[in-house]
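So the protein lines, in turn, are chains A and B. Note that our numbering has the first sequence beginning at 1, numbered continuously upward. Note that our numbering has the second sequence beginning at 478, numbered continuously upward.
Check the hints yourself; a few may be wrong.
Claimed, not checked - Computed spacing ranges between beta-carbons, pair by pair:
(1) B:R709 to A:N8: 14 to 20 Å
(2) A:L272 to B:A697: 55 to 61 Å
(3) A:D30 to B:H666: 30 to 36 Å
Hint data in this document are derived by calculation from the structure and do not stem from the laboratory. Since this is a predicted model, take the numbers as computed values, not measurements. No residue lacks a Cβ here, since even glycine has one placed at the ideal position from N, Cα and C.
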Amino acid sequence: MSALPLDNLQRASAWGLASGALCHVHRPTDEAGVRRVFELARRHGLSVGFRGGGQSYGDAALNGEALLLDSSGMQRILDWQPENGVITAQPGMTIGQLWRKTLPSGWWPPVTPGTMQPTLGGCAAMNIHGKNHWRVGSFGEHVLAFSALLPTGEMVRCSRAERPELFHGMLGTFGMLGCFLSITLQMKRVQSGAVRVRAFSAGGIEAMLEIVDAHKEEDYVVGWVDCLSGGRTAGRGIVHTARHLLSGEPGSRPLGEETGAHELPATLFGILPRERVWRLLRPLNHRAGWKLINSARYHAGRWRDGHSFTQSLPRFNFLLDYVPHWRRAFLPGGLIQYQCFIPAQKAANAFGELLRRCRERGMPAHLGVLKRHRADEFLFSCNLDGFSLALDFRVSARNRAGLAALAAELDEIVLRAGGRFYFAKDSTLRPHAARAFLGPHALQQLAALKRQCDPGGLLQSNLSRRVLPELHPGGVG
Amino acid sequence: MDEAKPQTLTPPRPLEPRQSAIIVGASSGIGAALARRLAAEGYALGLLARREQHLQRLCAQINTAGAGQALCFLHDVLATADVPALFQKVCVALGGLDLFVYNSGTQYPNDADVFSAENDLHVFRVNLLGAATWLNLAAERFQRAGAGHIVGIGSVAGDRGRRGMPAYTASKAGLHTYLEGWRNRLARHGVAVTTIKPGQVQTALLKNADRERGPIPVEAAADLIWQAIRQRRATAYVPARWALVGWVVRHLPGFIFRRLNI
């Protein structure tokens with residue numbers, strides 16, 4: 001077997017910048033191009049991994065020393081029906097490109113992550129969710145159909161009616177079965193480009209869960225948790241709820257051909273250029289700084305408990321884009337996120353225990369985000385009827401080993417509570433924990449689909465080799 | 478050996494990064510000692526050499542010691558056509574590469590009465606020409622990565638042409654200059670290139686020396702080489718006192734050097 005020339009060898013990073021890998025990066029623009037990448041990999045005995053917007057916090061979009069198929073060359077809209085809000089696009093189209101296309105006609109993505117950088121392919125492969133998960137479900141629930149190229153060379157078209165097993169198998173299994181070539185999505189009707197947001201303060205984790213559950217009639221609910229406070233105020237925070245404004249309501253933004261009016265502003269507070277704000281975060285990026293920020297935020301929220309305001313849809317949904325490049329404030333070590341899903345009845349106890357354990361180990365998360373979820377029917381799913389807590393941790397050369405050990409402890413708490421994990425965020429899960437939450441049935445079914453769609457074991461990633469080594473019995477390559 | 482059963486390492490984990498190294502010429506002497514030293518530092522190692530038994534014993538020793546992990550690959554540096562595919566294979570198996578060490582070297586007994594082009598060509602092929610394919614691959618890879626470290630094991634003997642071993646000294650001198658060229662090319666890309674110039678070390682090659690001049694144990698040499706790697710030195714004599722010898726030897730006028738018995 002001959003060696004692949006190094007012309008396309010590049011360093012690709014995890015979104016959190018805590019890890020990376022050298023990969024042979026290829027950017028095909030169509031089906032023939034994807035076929036050529038598969039062929040190239042086979043000829044040189046290497047595997048293929050997928051990368052969309054590169055927004056996974058951990059190693060999902062990395063395939064070290066092998067081929068990485070970057071979907072940014074496939075961003076075309078293939079079909080758009082503004083009358084019924086059905087759009088078909090190539091997998092490299094981002095959520096940002098999507099809403100800019102559809103909002104003028106009154107359609108908004110049914111599920112949005114906290115940033116508009118992810119691609120449709122990435123959202124589908126990870127079956128992502130948003131702040132409205134308990135209401136509308138995950139991204140996959142709004143995918144009407146998709147077409148994909150399997151490593152066998154077969155082009156498949158899947159929907160709930162056509163090859164439903166593969167449909168439910170490919171959405172959420174992080175690119176282990178095939179490469180999406182088109183995704184058809186049902187958009188959501190909106191009458192205005194704005195939401196009415198209300199903020200409620202919660203003095204502890206139980207209060208927070210109650211407030212979240214009390215607002216299940218809203219369109220979006222998200223909780224921010226101060227993970228640095230302990231004792232009786234452990235898990236305090238602010239819950240934001242939001243409802244789409246109807247046309248004509250005060251504060252609603254008229255839809256139209258121009259999306260410029262909905263864009264995030266160029267400056268913060270009217271003076272600070274958004275592109276540079278991340279540099280201001282650096283001096284505050286330490287334990288005392290976080291404590292100050294979290295505390296100030298909580299007390300400001302408590303002072304204005306229940307106040308309401310309107311916000312543009314992008315501004316409310318894409319909070320993570322508000323300060324561009326903010327992850328750079330965490331260099332050189334980067335950051336990771338630990339997100340776990342806990343059944344509703346056990347959530348208060350489990351979250352309390354997770355937060356306590358982080359504090360006891362001297363590594364409280366600087367940011368905690370809480371969301372409400374519901375179960376779904378996908379083969380690999382983190383979703384259940386309950387809550388998720390996402391914890392952000394700064395990574396440094398000194399705390400790496402401790403953080404990995406802490407994550408392993410947190411895994412045990414989550415598993416004991418019958419919880420689940422989310423591969424789009426993961427950097428720490430070990431094979432036994434992955435097996436424990438997925439269960440033998442899902443794993444066997446994935447292995448069967450893998451044998452059928454990718455018998456040569458062509459599709460791999462750093463994530464798949466790390467958490468599901470048994471999926472690659474032929475070894476790495 | 479590498480074909481029979483697939484060798485695998487535990488996959489890399491984002492929070493537990495590990496360094497990876499390839500050592501070409503790892504079965505004995507300085508290469509083997511450096512392998513043990515790097516393993517103790519937690520490196521994942523791809524060890525390449527000709528002699529299967531030596532190599533497997535070393536691998537087993539490293540893998541049972543527990544700190545680092547090692548995979549072994551049979552390779553003869555004369556088989557340059559195999560190198561690109563092998564380089565890819567080792568990098569894939571290691572899951573990355575941070576350090577590349579070219580240690581292959583051979584020597585014939587020090588004898589001023591032997592005239593053998595065959596021997597000399599063999600020395601050049603192993604000590605110098607064999608490095609060309611490997612170093613080009615490692616250099617391109619590291620330049621693209623904007624990081625990495627190349628180490629070549631030269632010799633204090635390369636500082637001057639010697640009457641008892643013209644080919645050996647010339648091959649090492651060539652390697653030194655070759656490495657210097659790579660260093661000057663790659664420095665701007667964040668890649669370090671280190672030339673190690675061992676004096677006498679207790680290895681199999683020592684029997685070819687005409688006399689022993691306080692050779693150091695191979696483990697001590699490996700420690701010093703590891704130090705030079707850590708400090709990203711350009712050139713390091715091992716041990717350092719040979720730097721003085723090297724300086725004197727380099728500056729001796731030819732008419733004196735010719736009369737010396739070295």
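Status of the hints after comparison with the structure:
Roughly 28 Å separates the CB atoms of R709 (chain B) and N8 (chain A), a value that falls outside the hinted 14 to 20 Å. In this structure, L272 (chain A) and A697 (chain B) meet the distance hint of 55 to 61 Å, their C-beta atoms being roughly 58 Å apart. Roughly 34 Å separates the CB atoms of D30 (chain A) and H666 (chain B), a value that falls within the hinted 30 to 36 Å.
Hint 1 from the earlier list is the only one contradicted by this structure; the remaining hints agree with it.
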